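Novice: Using the sequences and the hints, build the whole thing.
Chains A and B, in that order, give the protein sequences.
Going by this note's numbering, the first residue of the first sequence is number 192, and it counts up by one from there.
Going by this note's numbering, the first residue of the second sequence is number 521, and it counts up by one from there.
There could be a bad hint or two in this list.
[As the list claims (entries may be wrong)] Example chain A residues on the side facing chain B (calculated, C-beta under 8 Å, incomplete): (1) P262; (2) P263; (3) V268; (4) G269; (5) V270; (6) F278; (7) H280; (8) G290.
None of these hints come from the bench; they were simulated from the model.
None of these values were measured; they are calculated from a predicted model.
Here a beta-carbon is modelled for each residue, glycine too, at the ideal position from N, C-alpha and C.
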Amino acid sequence: MSELRIEGLRKTFGDTVAVDGADLTVAEGELVAVLGPSGCGKTTLLRCVAGFERPDAGSIAMAGRRIDHLPPQARRVGVVPQEGALFPHLSVGRNVGYGLRGSGRAGRVAEVLELVGLGGYERRMPHELSGGQRQRVALARAMAPRPELILLDEPFSALDAGLRQSVRGEVAAALRADGATAVLVTHDQDEALSMVERVAVMREGRIVQFAPPAEVYRFPVDPWTASFVGDAVWLDGDVAAGAASTVVGEVAAEGPDGPARLLLRPEQLRLGEGEPNATVSEVEYFGHDALVTLAFAGGVRLRSRVLGGAPAAGQRVSVAVDGAARVFAP
Amino acid sequence: MRMTSTAHRDRAATSPPGRALLRRAGSAAAWLWCLPAVAAALVPLVYLTWRTAEAGGAAVLEQLARPRLAQMTLNTLLLSGAVTISCLVIGTTTAYLVSRTDLRARTAVHLAASLPLAVPTYVAAFAWRAAFPDADGFWISALVLTVSSFPYVHLPVAAALMRTDPALEEQSRILGDGPWRTFFKVTLRQIAPAAVAGALLCALYVFHDFGAVSILRYETFTTAIYSAWKLGFDRTGALVLSTALAALALVLLTAEWAAAAPGRRARRDSASGREPTRLRLRRTAPLAYLALAGLTALSLGVPAWSLVRWTLDGVSTADPAEVWAAAWTSLSLSAAAAALTVALVVPVGLYAARHRSVLAAATERVVYLGYALPGVVIGLSLVFLAINVDWIYERFYQSAPLLVFGYAVMLLPLGAGAVKASAAQASPQLGQVAASLGAGPVRRLATITLPLTAPGIAAGAALVFLTAMKELPATLLLRPAGTETLATRLWTYTDIAAFSAAAPYATLIVVVSAVPIWLLGRRIGRLRP
Chain A
192 MSELRIEGLR
202 KTFGDTVAVD
212 GADLTVAEGE
222 LVAVLGPSGC
232 GKTTLLRCVA
242 GFERPDAGSI
252 AMAGRRIDHL
262 PPQARRVGVV
272 PQEGALFPHL
282 SVGRNVGYGL
292 RGSGRAGRVA
302 EVLELVGLGG
312 YERRMPHELS
322 GGQRQRVALA
332 RAMAPRPELI
342 LLDEPFSALD
352 AGLRQSVRGE
362 VAAALRADGA
372 TAVLVTHDQD
382 EALSMVERVA
392 VMREGRIVQF
402 APPAEVYRFP
412 VDPWTASFVG
422 DAVWLDGDVA
432 AGAASTVVGE
442 VAAEGPDGPA
452 RLLLRPEQLR
462 LGEGEPNATV
472 SEVEYFGHDA
482 LVTLAFAGGV
492 RLRSRVLGGA
502 PAAGQRVSVA
512 VDGAARVFAP
Chain B
521 MRMTSTAHRD
531 RAATSPPGRA
541 LLRRAGSAAA
551 WLWCLPAVAA
561 ALVPLVYLTW
571 RTAEAGGAAV
581 LEQLARPRLA
591 QMTLNTLLLS
601 GAVTISCLVI
611 GTTTAYLVSR
621 TDLRARTAVH
631 LAASLPLAVP
641 TYVAAFAWRA
651 AFPDADGFWI
661 SALVLTVSSF
671 PYVHLPVAAA
681 LMRTDPALEE
691 QSRILGDGPW
701 RTFFKVTLRQ
711 IAPAAVAGAL
721 LCALYVFHDF
731 GAVSILRYET
741 FTTAIYSAWK
751 LGFDRTGALV
761 LSTALAALAL
771 VLLTAEWAAA
781 APGRRARRDS
791 ASGREPTRLR
801 LRRTAPLAYL
811 ALAGLTALSL
821 GVPAWSLVRW
831 TLDGVSTADP
841 AEVWAAAWTS
851 LSLSAAAAAL
861 TVALVVPVGL
871 YAARHRSVLA
881 AATERVVYLG
891 YALPGVVIGL
901 SLVFLAINVD
911 WIYERFYQSA
921 PLLVFGYAVM
931 LLPLGAGAVK
941 ASAAQASPQL
951 GQVAASLGAG
961 PVRRLATITL
971 PLTAPGIAAG
981 AALVFLTAMK
991 ELPATLLLRP
1001 AGTETLATRL
1011 WTYTDIAAFS
1021 AAAPYATLIV
1031 VVSAVPIWLL
1041 GRRIGRLRP
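Specialist: Structure below.
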């Protein structure tokens, strides 16, 4: 079983603590994202696993075997760096085949290039490729020797928005098709939530939450995580017996009785038929949806995400809540 | 259960320091490869210091007290002062004219202000002496060295002016300053580090110069060292003079580093990439053209005229076999020097590009010592070494290998600079990716680092080769008896005023020197004002 287990990892640069006792376990064949703002230590964590940095404390094990004393070339860990870092003097085929030895090399090169959708590109040179193609070649190169683990370091940040989405999908598909175990490091919430099975949220050198995307989104471990992984709607309320009374009305809320801070996501606020309880004060229109700022009694303003047609500013609307709120201490 | 867990913890506790030691050992092994270059660079200086100390304080004091030494110090300082100030004024002016005024034919002017570098000072001196056989002494030496060296100021200042954002000057003009005030308040501040570094380089090259001042009969440190050794066999005198000159040159090199450092840090590309607003010369334009024409006549016209005239004369008298023999000797010695230098500097260039430590900086600086030491000093220290160490005397005294070694010591900085520049371009990330794909250090070096650094290594080798081809003072001191290179032939014939016999050698040397300038010129073309 080639599972990655990181325990108590710590790495400092001078007085700066980059990674401060991080724990992370990735199961075989799993695709996991480490998500955090810039400077949270996620790239350092990845570089420690790859063997480019030497941790100060803690352990890194693959399939139960410690690897933190090994040089990078003995770890069987593939890396896809930010801008691909293709060897500029080697063709695509020789880039992808760099980590392969012996017979069957050409076959495996063709196979992984096919997996990333670049079959037949062996003879091209890196400078002849587009940004997205380069990233996919970098992925194929990392996958080719069938490493026990593949690390992707913000691999899509250099691509423009439209391209990023399609390359993400192709990369995730290729990794799954090859049965690879992979860790994706990113600061992009959409990327983390859409691509992987589990998300590790990292803050100030620690993993603060490690759970499937839906759980991280709906049940974040603390208010900071709640705001970091997506748009958050905060409202105050009184919790009693699994429900909270708020300006929006009764909201399902599991938590200790008493005053609380409640988290909703904008799409949970639904505009509907019925007695108007709010006024539309502002509309940000995005085409596929719109963010509507709603003014409630007592000066409370909340944002709602509305699909399809948006109401006009000044209109009186009826607002109801879908699903439950997440309860935090006030 | 408890025991295994304890054992596990023990391993965890001992493993990080052990690993740290291993890594440090790996880095130390990489540094060990730099050791031959470091040792080679230190040989002349260490040997000079040691011998001077050995000669004893009394002998040194006696040498220092001689009035001749005071005269020579004065001579050298006067000459370098005059040349440096003239170069500073001329080089800054030509750079400003080319990059900030509406002068016509700016590219041609830029080229004319760069080309004098293709004429080694001793060839220029030969040309002047051949044109005006009575010219010698301070003024002609200062003139020849100035018109040959001002490009060392012109080039960095022109580059600095092209980098400066014209918006700064526009702001000054908008705020009500005239062109002169703007130049002194804004522009000069921007180019000062480059101008000072270039001027110090001029001063350093005057300290180094041997061929031109000896042809033009002006006695400086270098000529005094040479004659003390060659004519008087005055070992202690030559030794003390060499140490004194090395010390002065080291001071200049340190100053040049200090001057250039802030400029390197503040380097900023012009944000807008716009053309600067050019000063309109109006009625002063004819004056500028006249001055530039005069300058070009002195720096290129006289050498060209003299070379052509005497070469046409010399073709009939010179012995082609002798010319080709000298060319072949220069060629083979320089090729050997290039090979040795590259072998020595490749580890240094790679190490310096990869490591940001005190050790890496110190290693680089030591290798750059060759810049500070004049050829006469390097040559003489190796001669002393050969004479005084029996083992070396028996095998290498007056041998080609010792001369090639001398070239290598002198030209290490050229090679190291070229290798480092291209190694720094190859991102360390590529090496890390290769490691993660299972490649060990040797395979990474062979498949990634060396192929990507190859252009720099080739450029370094070419520079060393072409520079060694025209080396004079160390060749005079170290050459085996009967060995004649292009430079030594030129020097000997000029010494006996056989100008037509010397001319073919001068022409060949100019051709060889022009190649790196041509390569440099292609880079200049990209920075076109």
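Novice: Next step is simple, just say for each hint if it's right about the structure.
Specialist: A quick look at each hint next to the structure:
1. P262: Holds. Min distance 7 Å.
2. P263: Hint holds; P263/A Cβ to chain B Cβ min 4 Å, cut 8 Å.
3. V268: At about 6 Å, which falls below the 8 Å cut-off, the nearest Cβ of chain B leaves the hint on V268/A intact, so it holds.
4. G269: With a minimum Cβ separation of about 6 Å from chain B (threshold 8 Å), the hint on G269/A holds.
5. V270: holds, 4 Å
6. F278: holds, 6 Å
7. H280: With a closest approach of 5 Å, the H280/A hint holds.
8. G290: Holds, about 3 Å.
The structure fails none of the hints (numbered hints given earlier).
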